[in-house]
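J.: As you go down the protein sequences, you meet chains A and B in turn.
Using this note's numbering, the final residue of the first sequence is 147, and nothing's skipped along the way.
Using this note's numbering, the final residue of the second sequence is 359, and nothing's skipped along the way.
It is possible that some hints are incorrect.
Claimed, not checked - In the DSS-like style, the derived pairs of lysine-lysine whose C-alpha atoms are separated by at most 30 Å in a straight line are:
no.	chain 1	residue 1	chain 2	residue 2
1	A	Lys90	B	Lys201
2	B	Lys232	A	Lys74
3	B	Lys357	B	Lys304
4	A	Lys126	B	Lys188
5	B	Lys201	B	Lys232
6	B	Lys357	B	Lys188
7	A	Lys101	B	Lys207
8	B	Lys207	A	Lys8
9	B	Lys219	B	Lys201
10	A	Lys91	A	Lys74
11	B	Lys219	B	Lys188
12	A	Lys126	B	Lys201
13	A	Lys18	A	Lys8
14	B	Lys201	B	Lys304
15	A	Lys91	A	Lys18
16	B	Lys207	B	Lys219
17	B	Lys232	B	Lys219
18	B	Lys219	A	Lys101
19	B	Lys232	B	Lys207
20	B	Lys201	B	Lys188
21	B	Lys304	A	Lys101
22	B	Lys201	A	Lys74
23	A	Lys101	B	Lys201
24	A	Lys91	B	Lys207
25	A	Lys91	B	Lys219
26	A	Lys126	A	Lys74
27	B	Lys357	B	Lys219
28	B	Lys232	A	Lys101
29	B	Lys183	A	Lys18
30	A	Lys90	A	Lys74
31	A	Lys90	B	Lys183
32	A	Lys8	A	Lys126
33	A	Lys126	B	Lys304
34	B	Lys188	A	Lys74
35	B	Lys207	B	Lys357
36	B	Lys188	A	Lys91
37	B	Lys183	A	Lys101
38	B	Lys188	A	Lys90
Derived from the structure by calculation, the hints contain no laboratory data.
Listed here are the chains, written in short residue letters.
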Amino acid sequence: MINRNSTKILVNFASLRKSLRQAYRYSETEVLHTVWRLMNALDEIKISFANWFNDDVTPHLECEGISWEELINKRGLNPYNAFLFMDTMKKDPAQGMIMLKGQMHPSLRLDIDELRPDLRELIIRKGAQTTSKRELKTDAEGNIDLK
Amino acid sequence: MIITTELLVIGGYLAYEGVVWGIGQWKHWKLGKKTKEFRVKPELTEDDHILIEKCREIMKSNFPQGIEDRLKVMTPTERADLFQKLILELNSVYGVNITNIAFLHTDEIGSGTYGYYLRETHSIRFNFDLLSLDDPMILREMVDTIFHEMRHALQYKAVSDSSCNYGTDEQRYLWALNFLNYIPGYVDFAYYQQQILEADARQIAELSMKDF
């Protein structure tokens, strides 16, 4: 839920972005995703996050016997990821415990150009994705020609 | 004069807060809408049921008395050979052609990583150190990884190869949408597992291995 605590996170967007990009090499999309998730987290999570980010206060977050620090030290999540996971766990503890056992693997992200033509057209038509960078051509006068 | 300056500063700050809040609301709505579309429980198609049945037949012929029973008497190298054999058998079931199979040590593949599909090289990598352990749960997870990663190879083929007719239009659309907006585990471990590409791969693997 978007509330005053969400706004507090949003006004720190520039600092958040810098930290995520520099320390953890997040892409812009990943930054946006993280900020959006934080803004929609439980108030307890948002307040803990703000205290941690602004004042370096260690969060005392725990769910089903798992603490925020354990998510970092034993599960290998970075601090931001640990806040997001703790939020999910608190919203659905049973599911959270199951997900805790899952493993990670490299990103499967694709560029829109890699899709087969019919799917690419469908995605663009539904407005689910913008055109790819390669389609941004300029004409002789330097105007961008969007396909 | 001072009052006017103060009012300007306060007004400017309030306007800034308003704009920031408005942008946040818009981005929140857009991101939420997009992510919600592919964070759904995957439904099994007719092709999926056929695939699962064929996977179970291969499981039955390779693990007639169960996974632990077969693997516990094998050396790590023999287990690796069996994994290669399984993948070559499963290629025709999944409709993919994975021939590049590698077994890496933990310091190369990553701690806690059982294995993964790499689309750039159309290969599957496994953690040889985990495969070498005799822990039944870990061995079971390793076999699960085969079916899981093969499914990712199939998902990729379905969205990138026009000649692939696997599944339904809806299934391919959701996969494509997720591929374009994939949530990596290192960013959001919870949503990473909930996205359809991962939930679907887990489901197929679980059903293929059930009761073995």
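J.: Could you run down the list of hints and mark each one as holding or not?
T.: A quick look at each hint next to the structure:
Simply put, Lys90(A) and Lys201(B) have alpha-carbon atoms about 39 Å apart, too far for the 30 Å limit, and the pair is violated. Straight-line distance between C-alpha atoms of Lys232(B) and Lys74(A) comes to about 34 Å, which puts the hinted pair past the 30 Å bound. A distance of roughly 26 Å separates the Cα atoms of Lys357(B) and Lys304(B); the hinted pair therefore holds under the 30 Å criterion. Restraint check: the Cα-Cα separation between Lys126(A) and Lys188(B) comes to about 21 Å, which is no more than 30 Å; the hinted pair holds.
The suggested pairing of Lys201(B) with Lys232(B) holds, with an alpha-carbon distance near 15 Å, which does not exceed 30 Å. With a C-alpha separation of about 19 Å, the suggested pairing of Lys357(B) with Lys188(B) holds against the 30 Å cut-off. In summary, the hint linking Lys101(A) to Lys207(B) is supported, as the alpha carbons are separated by about 26 Å, within the 30 Å threshold. A hinted pair counts as satisfied when its Cα atoms are at most 30 Å apart, and Lys207(B) with Lys8(A) does not qualify at roughly 57 Å.
Restraint check for Lys219(B) and Lys201(B): the C-alpha separation of about 25 Å stays at or below 30 Å, so the hint holds. Taking the CA atoms of Lys91(A) and Lys74(A), the gap is about 21 Å. The hint holds against a cut of 30 Å. Proximity of Lys219(B) to Lys188(B) is assessed by CA-CA distance (about 35 Å); at most 30 Å being required, the pair is judged violated. With a C-alpha separation of about 35 Å, the suggested pairing of Lys126(A) with Lys201(B) is violated against the 30 Å cut-off.
Proposed proximity of Lys18(A) and Lys8(A) is supported: the alpha carbons are some 16 Å apart, at most 30 Å. Our distance criterion of 30 Å between C-alpha atoms is met by Lys201(B) and Lys304(B), whose separation comes to about 19 Å. The hinted pair formed by Lys91(A) and Lys18(A) meets the criterion: a straight-line CA distance of about 29 Å does not exceed 30 Å. Taking the CA atoms of Lys207(B) and Lys219(B), the gap is about 17 Å. The hint holds against a cut of 30 Å.
Between the alpha carbons of Lys232(B) and Lys219(B) the distance comes to roughly 17 Å, so the proposed pair stays at or under 30 Å and holds. With a CA separation close to 23 Å, the supplied pair Lys219(B) and Lys101(A) stays within the 30 Å bound. Distance check on the hinted pair: Lys232(B) and Lys207(B) sit about 14 Å apart at the alpha-carbon level, within 30 Å; holds. Of the pairs offered as hints, the one joining Lys201(B) and Lys188(B) holds, with about 23 Å between alpha carbons and a cut-off of 30 Å not exceeded.
Among the hinted pairs, Lys304(B) with Lys101(A) is consistent with the structure: their alpha-carbon atoms are about 28 Å apart, no more than 30 Å. Restraint check: the Cα-Cα separation between Lys201(B) and Lys74(A) comes to about 38 Å, which exceeds 30 Å; the hinted pair is violated. Straight-line distance between C-alpha atoms of Lys101(A) and Lys201(B) comes to about 27 Å, which keeps the hinted pair within the 30 Å bound. At most 30 Å may separate the alpha-carbon atoms for a hinted pair to count; Lys91(A) and Lys207(B) exceed this at roughly 39 Å.
Restraint check for Lys91(A) and Lys219(B): the C-alpha separation of about 40 Å exceeds 30 Å, so the hint is violated. For the suggested pair Lys126(A) and Lys74(A), the alpha carbons sit about 42 Å apart, so the restraint of at most 30 Å is broken. As the CA atoms of Lys357(B) and Lys219(B) are separated by approximately 19 Å, the hinted pair is consistent with the 30 Å bound. Between Lys232(B) and Lys101(A) the alpha-carbon distance is near 27 Å, which keeps this suggested pair within the 30 Å criterion.
Of the pairs offered as hints, the one joining Lys183(B) and Lys18(A) holds, with about 27 Å between alpha carbons and a cut-off of 30 Å not exceeded. Restraint check: the Cα-Cα separation between Lys90(A) and Lys74(A) comes to about 19 Å, which is no more than 30 Å; the hinted pair holds. Our distance criterion of 30 Å between C-alpha atoms is met by Lys90(A) and Lys183(B), whose separation comes to about 19 Å. Of the supplied pair hints, the one linking Lys8(A) and Lys126(A) is violated, its CA atoms being roughly 34 Å apart against a limit of 30 Å.
As the CA atoms of Lys126(A) and Lys304(B) are separated by approximately 22 Å, the hinted pair is consistent with the 30 Å bound. Distance restraint check for Lys188(B) and Lys74(A): the Cα-Cα separation of roughly 28 Å lies within the 30 Å cut-off, and the hinted pair is therefore satisfied. Between Lys207(B) and Lys357(B), the direct Cα distance comes to roughly 11 Å. Compliance with the 30 Å bound is thereby established for this hinted pair. Between Lys188(B) and Lys91(A) the CA atoms are separated by roughly 18 Å; this keeps the pair inside 30 Å, and the hint holds.
Taking the CA atoms of Lys183(B) and Lys101(A), the gap is about 23 Å. The hint holds against a cut of 30 Å. A threshold of 30 Å between alpha carbons decides the hint, and for Lys188(B) with Lys90(A) the separation of about 20 Å falls inside it, so the pair holds.
Going down the numbered hints, you'll see the structure goes against 1, 2, 8, 11, 12, 22, 24, 25, 26 and 32, while the others check out.
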